[in-house]
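A.B. asks: Start from chain A and add chain B according to the hints.
2 protein chains.
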Amino acid sequence: MNIGIVGLGLIGGSLGLDFRTLGHQVLGVSRKPQTCELALQRGAVDQASPDLALLSTAEIIFICTPLGAMQKTVQQLIPHLGTEAIVTDVGSVKASVADALHPLWPRFLGGHPMSGTEAAGIEAAQSQLFQGNAYVLTPMDETPIEIILIVETLVQSLGGTVYKCTPAEHDRAVAWISHLPAIASTTLIAACLTEPDADVLKLAQALASSGFRDTSRVGGGNPELTRMMAQYNRDALLQSLSAYRHTLDQLTQMIEQGDWDMLTAQCIQTQQVRPQFMLPP
Amino acid sequence: MNIGIVGLGLIGGSLGLDFRTLGHQVLGVSRKPQTCELALQRGAVDQASPDLALLSTAEIIFICTPLGAMQKTVQQLIPHLGTEAIVTDVGSVKASVADALHPLWPRFLGGHPMSGTEAAGIEAAQSQLFQGNAYVLTPMDETPIEIILIVETLVQSLGGTVYKCTPAEHDRAVAWISHLPAIASTTLIAACLTEPDADVLKLAQALASSGFRDTSRVGGGNPELTRMMAQYNRDALLQSLSAYRHTLDQLTQMIEQGDWDMLTAQCIQTQQVRPQFMLPP
Chain A
1 MNIGIVGLGL IGGSLGLDFR TLGHQVLGVS RKPQTCELAL QRGAVDQASP DLALLSTAEI
61 IFICTPLGAM QKTVQQLIPH LGTEAIVTDV GSVKASVADA LHPLWPRFLG GHPMSGTEAA
121 GIEAAQSQLF QGNAYVLTPM DETPIEIILI VETLVQSLGG TVYKCTPAEH DRAVAWISHL
181 PAIASTTLIA ACLTEPDADV LKLAQALASS GFRDTSRVGG GNPELTRMMA QYNRDALLQS
241 LSAYRHTLDQ LTQMIEQGDW DMLTAQCIQT QQVRPQFMLP P
Chain B
1 MNIGIVGLGL IGGSLGLDFR TLGHQVLGVS RKPQTCELAL QRGAVDQASP DLALLSTAEI
61 IFICTPLGAM QKTVQQLIPH LGTEAIVTDV GSVKASVADA LHPLWPRFLG GHPMSGTEAA
121 GIEAAQSQLF QGNAYVLTPM DETPIEIILI VETLVQSLGG TVYKCTPAEH DRAVAWISHL
181 PAIASTTLIA ACLTEPDADV LKLAQALASS GFRDTSRVGG GNPELTRMMA QYNRDALLQS
241 LSAYRHTLDQ LTQMIEQGDW DMLTAQCIQT QQVRPQFMLP P
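In the order they appear, the protein sequences are chains A and B. Under our numbering, think of the first position of the first sequence as 1, with each following residue one higher. Under our numbering, think of the first position of the second sequence as 1, with each following residue one higher.
Bound-form chain A, shown alone:
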């Protein structure tokens, strides 16, 4: 196929590397000429340009920009699109993206590759990034069936495991396992800083080991990503936060009241169910 990619970062660049290996023609667009040059050098694209007109022959276009740039990107892309072109995206939230993009281009299907590293940019792009990982597609009632089939086949050719659900279901699921953990983890670090005794805080920092390291990792991550997921998945995140706060209050009450049997029962339950979140996709 003739595949377009807008946004040549970690995801866009990695898609390009794999699609070229699979024999597709890959056309890449980045605002920055230097990124276009790097993408060509790395073999992530066959052609690259800052000009969206490059994509006039593309049969499917992957929008790989940050969430905040997607709507504007597709608006600017439309004049160049062939009538049969398919548009898909790789954003980490889906309902707000679908609300923004589907009215612009009905041949749109949202997607979310659950692949990533802490690194970013075309320099971090790697082949087989999607191999063995979940890749969610979020068709709507109006989505033409052949579009779903084409995107699904492409994703499977990358080695990704396809999950299909509505945009809203996706957003609730990732609120639980990605966005809520980010806020809970940020809260943990921020709460420690409220310790009024500087010596105790210093001691806490010195004594922190693997438990704190793991629990705080995503809270020490990219601030822009955390802001974006909160902004674009606000409703689902607030629902999860509300449940989290209620559960926190219940556990706190068990500790206040010294109800150790109940606390132990809760911990036994979480110990037992956690492996269900650890299965390979």
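Fair warning: there could be bad hints in the mix.
To be verified - Listed next, the in silico DSS-like pairs over lysine-lysine satisfying Cα-Cα at most 27 Å (straight line):
(1) A/K202 to B/K164
(2) A/K72 to A/K32
(3) A/K164 to B/K202
(4) B/K32 to B/K72
Hints in this document: simulated from the structure, not taken from any laboratory.
C.D. replies: Coordinates of chain B only, in the frame set by chain A:
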């Protein structure tokens, strides 16, 4: 020295291995004859017995039982102790242990080696477990200075980095970096289970990856350990939980009100301070 160890699990056994390597005489006591036998086989002790009378010649005794058994253990130990014997412990909370043990034996000094693995028992004991890790000593005003020096010297010979503070300071520090993370992590898993739509929960479980794995790890840990730390460090933990809940409410409010600049500023702060919790001891 002639060193006694009561409780031949991961910590007690590992202390024995290192102290014997350093040339000390190690006397070990475990309730279970089978554990005594294993400790002898593994070279963790020179002599072992279920009978505390074995420790009558010990110059220093490490109490390595679970927190809940320490008071009773020391009560039973006292008739066998030489008048100059030093008693120390390795419990993960210190104020409640000091309150229980110091009145029984004034030549007591609390300690907490910040070493551990997920494994437990004499089978998990290993040499150099304490090498490069923090080891907190919690002297009180009444603690004889020579006791502090002796224990400190022993800990340093294990390769541990000694931190000295009051029992209360220790308990507040570990509430922040160990006990609060355990409850926050337990809460995360438990909150996910409140999702009313079984399909969404199943999807969340399928999509969970490294962020959830790390944030939930200690919440999926040993229920008995979580209960014990909550029970024995209740006051400090409740203080940390209160601050955590307040901080959570602040972050939730930023998201509710769409105050993305404030949320970003908070995330930038946590990103910047987290490395201060990651320094080697």
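A.B. asks: Next step is simple, just say for each hint if it's right about the structure.
C.D. replies: So, going through the hints one by one against the coordinates:
{"no.": "1", "hint": "A/K202 to B/K164", "verdict": "holds, 12 Å"}
{"no.": "2", "hint": "A/K72 to A/K32", "verdict": "holds, 16 Å"}
{"no.": "3", "hint": "A/K164 to B/K202", "verdict": "holds, 12 Å"}
{"no.": "4", "hint": "B/K32 to B/K72", "verdict": "holds, 16 Å"}
Going through the hint list in order, the structure satisfies each hint without exception.
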